[in-house]
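Colleague: Listed below, chain by chain, are the residues.
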Amino acid sequence: MIEKNIIHDVLIAAVSTGGDFAEIFVEDRFNTAIEMTMGKVEKSLSGRDFGVGIRIFKGTNSVYTYTSHSDKEHLIKVAKKAAEAIKGMPLDLNFDLQLASPEIIHPIAIRPRNVEKSIKVELMRRGYEQAAKASQSIKQVVVNYMDYEQKVLIANTEGSFVKDMRTRTRYMINAVAENEKGLQTGRAGKGSGKGFELYDQIDVEALGREASRVALTMMDAKAAPSGKFPVIIDNRFGGVIFHEACGHGLEATSVAKGESVFSDKMGQRIASEIVNAVDDGTVLNEWGSASFDDEGTPTKRNVLIENGVLKGFMIDKLNARRMNMDITGSSRRQSYKFAPTSRMTNTYILNGTHTFDEMVTSVPFGLYAKNLGGGSVNTSTGEFNFAVQEGYLIENGKITRPVKGATLIGTGLEILEKIEMISNNFGSDEGMCGSVSGSIPAGLGQPALKVSEITVGGREEA
Amino acid sequence: MDAMIKQLFEKGRQMGFTAQEIYIQDAKKLSMSVYKQELDKYSLSENGGISYRGIIEGKMGYSYTEKMDEQAVEMLVNEAYQNAKIIENDDEVMIYSGDQNYKSLDLYNPKLEQVPISQKIDFLMALEKEIEAKDSRIHQVTASAYEESEVFVRIINTEGLDVSDHANYCVVYTMISAKAAGDTRTGFAYQVGNAFDKLSVAYLAEESTREALNLLGAKSTKSKACEVVFKNDAFAQFQSAFNGVLSAENVQKNLSKFKGKLNERVAAEQFTLIDNPHLETGISSGSFDAEGVATRVNTMIEKGVLKTYFHNLKTAKKEGVSSTGNASKGSYKGTIGVSATNIYVEPDKYSFEEIIASVEDGIYIIDLQGLHAGLSQVSGDFSLQCYGYHIKNGKLDKPVSQITVAGNYFELLKDIELIGNDLKFTIMGDAYTGSPTIKIKKLSISGE
Chain P
52 MIEKNIIHDV LIAAVSTGGD FAEIFVEDRF NTAIEMTMGK VEKSLSGRDF
102 GVGIRIFKGT NSVYTYTSHS DKEHLIKVAK KAAEAIKGMP LDLNFDLQLA
152 SPEIIHPIAI RPRNVEKSIK VELMRRGYEQ AAKASQSIKQ VVVNYMDYEQ
202 KVLIANTEGS FVKDMRTRTR YMINAVAENE KGLQTGRAGK GSGKGFELYD
252 QIDVEALGRE ASRVALTMMD AKAAPSGKFP VIIDNRFGGV IFHEACGHGL
302 EATSVAKGES VFSDKMGQRI ASEIVNAVDD GTVLNEWGSA SFDDEGTPTK
352 RNVLIENGVL KGFMIDKLNA RRMNMDITGS SRRQSYKFAP TSRMTNTYIL
402 NGTHTFDEMV TSVPFGLYAK NLGGGSVNTS TGEFNFAVQE GYLIENGKIT
452 RPVKGATLIG TGLEILEKIE MISNNFGSDE GMCGSVSGSI PAGLGQPALK
502 VSEITVGGRE EA
Chain F
-1 MDAMIKQLFE KGRQMGFTAQ EIYIQDAKKL SMSVYKQELD KYSLSENGGI
49 SYRGIIEGKM GYSYTEKMDE QAVEMLVNEA YQNAKIIEND DEVMIYSGDQ
99 NYKSLDLYNP KLEQVPISQK IDFLMALEKE IEAKDSRIHQ VTASAYEESE
149 VFVRIINTEG LDVSDHANYC VVYTMISAKA AGDTRTGFAY QVGNAFDKLS
199 VAYLAEESTR EALNLLGAKS TKSKACEVVF KNDAFAQFQS AFNGVLSAEN
249 VQKNLSKFKG KLNERVAAEQ FTLIDNPHLE TGISSGSFDA EGVATRVNTM
299 IEKGVLKTYF HNLKTAKKEG VSSTGNASKG SYKGTIGVSA TNIYVEPDKY
349 SFEEIIASVE DGIYIIDLQG LHAGLSQVSG DFSLQCYGYH IKNGKLDKPV
399 SQITVAGNYF ELLKDIELIG NDLKFTIMGD AYTGSPTIKI KKLSISGE
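Just so you know, the sequences run in chain order P and F.
Letter 391 of the first sequence, counting from 1, is numbered 442 in my numbering, and no numbers are missing.
Letter 128 of the second sequence, counting from 1, is numbered 126 in my numbering, and no numbers are missing.
Since the hints were derived computationally from the structure, they do not count as laboratory data.
Since this is a predicted model, take the numbers as computed values, not measurements.
With a straight-line Cα cutoff of 25 angstroms, these simulated PhoX-like cross-link-like pairs (lysine-lysine) come out:
no.: 1; chain 1: P; residue 1: Lys55; chain 2: P; residue 2: Lys214
no.: 2; chain 1: P; residue 1: Lys190; chain 2: F; residue 2: Lys255
no.: 3; chain 1: F; residue 1: Lys257; chain 2: P; residue 2: Lys184
no.: 4; chain 1: P; residue 1: Lys168; chain 2: F; residue 2: Lys331
no.: 5; chain 1: P; residue 1: Lys128; chain 2: F; residue 2: Lys65
no.: 6; chain 1: F; residue 1: Lys57; chain 2: P; residue 2: Lys91
no.: 7; chain 1: P; residue 1: Lys94; chain 2: F; residue 2: Lys65
no.: 8; chain 1: F; residue 1: Lys27; chain 2: P; residue 2: Lys131
no.: 9; chain 1: F; residue 1: Lys412; chain 2: F; residue 2: Lys422
no.: 10; chain 1: F; residue 1: Lys257; chain 2: P; residue 2: Lys190
no.: 11; chain 1: F; residue 1: Lys127; chain 2: P; residue 2: Lys109
no.: 12; chain 1: P; residue 1: Lys94; chain 2: F; residue 2: Lys316
If we take Cβ atoms under 10 angstroms as the criterion, some of the chain F residues that face chain P in the derived model are:
no.: 13; residue: Lys27
no.: 14; residue: Ser29
no.: 15; residue: Tyr40
no.: 16; residue: Asn87
no.: 17; residue: Ser175
no.: 18; residue: Thr182
no.: 19; residue: Gly332
no.: 20; residue: Ala404
Even for Gly, the Cβ is constructed at its ideal location relative to N, Cα and C.
With the hints as constraints, model all of the structure from the sequences given.
Modeller: What follows is the structure, encoded as structure tokens:
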């Protein structure tokens, strides 16, 4: 992408004013996105992102600059311009760039970029047809397909020099059902760090049926009750609760400045003792995995919570300086346009010992949140919210009828403490996570779990 | 650049494209933040990209690149060709030859960039200091940040169009946290514009700390249905999440409840919603849209009556109307869509105090969370985490948090009772959206 000797000279230019660390991130990425509405391809876009990001540290101060031009003179000029923001005597850093080989390789059998667009369209059509024929009430079906190949080169003045290629592909289907009561949407999809071989392993027709099933179920749902009661959050995308309510608060971005509710809780019990959680960027071909993070550090499996006790944060190089702790190989960024920072990779709550049925039976009145929408969190206060996309009432230990429009709110600490039962049906899912360093693919997952009470915002009183 | 454009159009013509266009965007960005009286982050960038599109056999193909090397021309044309080949939508596509007149807008202030960087840093330092000195319960200024952007956009096509816009603006914002008796609250304030001397440390310090301090000790409340007053920028944020229901694209795809409602009453009579791309203080202003159509001021909802949808050339053609000049493109990476520019609820005559005084027992909402998740633009249903104050006998009372407000956007529009005179725009959300304080007759509040 860019020759090693040029990289070296750019890094030297970056520390010419007293910086004690410099890093270069070169990105060359090819994107494909196709959208099909009611069985017809309406949009198809492809293109190339290319740019270089240069970061300089002096102590805990940082400077970042980026550009799309990659000739040597321009890069050195840009690096020097950025370095002007740092005032000091050059430290005469000596380093030798040796390309490191990855310990973990995420193998790609079929590069999506090499697959004809018409094959991708056929795949989309199969999902569409199943969704559309589910019912007369299905009025709209949109299928989105995307893939990308992101080649990166990362080097720094510590001598680290790595190359990585991240392949992603995702298939998403949205169905809208309509009757006299109104419109309801249902979603299903699958994203992965595999190549196009993913589509030999998953059933896109089942995804189509699933999207319509959710929309049709919710179409007949009554408004959710509001109040405080037990909630069973199902596996897979249910993991978004941990991602939002806790994961963000464990990122050094909010911990380092003492802002997170978890900042001063290392080694303390922060969750019910049946809770075990990890952030693992090494899971083979997962949505949030890579061989190296965006600072060039090999990814790791980091234990966050063990038997309810806080064991680890997610820490990037800059915040490691502030916190005087080790980096965790989970510094990430959307693109060269963003300075990297600590982010989640694949964040999981691990299996417990109960069965799903035992949990349901234990609830006299509550909510079963089968499918969650997105949510957000204020990491300073720990307050979170997320939408229940597909929910059901639990009455006398049985799942009874669907309810719509529920939002779960609470604080991370409160909910972690109130996790009363964890089942043994772990499942993972995929999302896009937006934060300071942009929007990145983040894996999430959990087994179904029962929280003794959560405030549910609905439209009817319980 | 012009030589490359010529080469690109020539290559496209050889491939069989009958009309072609490129959209060039160049951006310069400066951003910095101060933390504990030190320059914590500093970032400088110059970046751009080119979007190409062309018509072949009645279909539009798109592609883009950020790297202008020897292979770029070949790649752009080939990718656009392949993308056009799989399009199945039969809607007529077009590349626009241009309008007679484009509004002349002064969106670039050269003085902004000339303000020395040191002065901008000093502003942030002063802001941090002023906030910290305000109250002993201020825990920390988590962000005191400044961003400056300069954007240049040009559209050139084979049909004779060649238009460009040049704009700059800056945003300064601060986030703070306050702590007392084990409770933490956060505050946020911002200013937007392209005149540095209009930014105010005093305003930002007051705005960011007031709510955080007043909210300390906020508690949840019993669920109830009651009158609800939205703070101006909170309603603006809420409205921005529903701007899409006005998009003709959504209407035509059967994804908007405004379908078939033109010239019908859809909101309370006091409610007028305007989209103004010529607002000189608006960050979404421009003289032409993403298809090169001259922009214009559109009244979307007038005294409660739906007057028009947002159109681009394609959606307009389908309905036999003319484009409203709202074709959009997220950036050079996007395909053409439809969106609002600077959209706002027209202010009425009531002061904030008068509106609060009219409420006997209700909730004043100052911030909403999870707007990307807790609502459905399609059905209009929403259930959103929020916080603010109780209103008792016409006065603001104790702070309240850990509640949700739920309802339906389309019903809410009809339940608007009072509109304030205090228009404010939000920087959150897709378009630049503004609103005054708004009072709603009844909404569900869920708490304990």
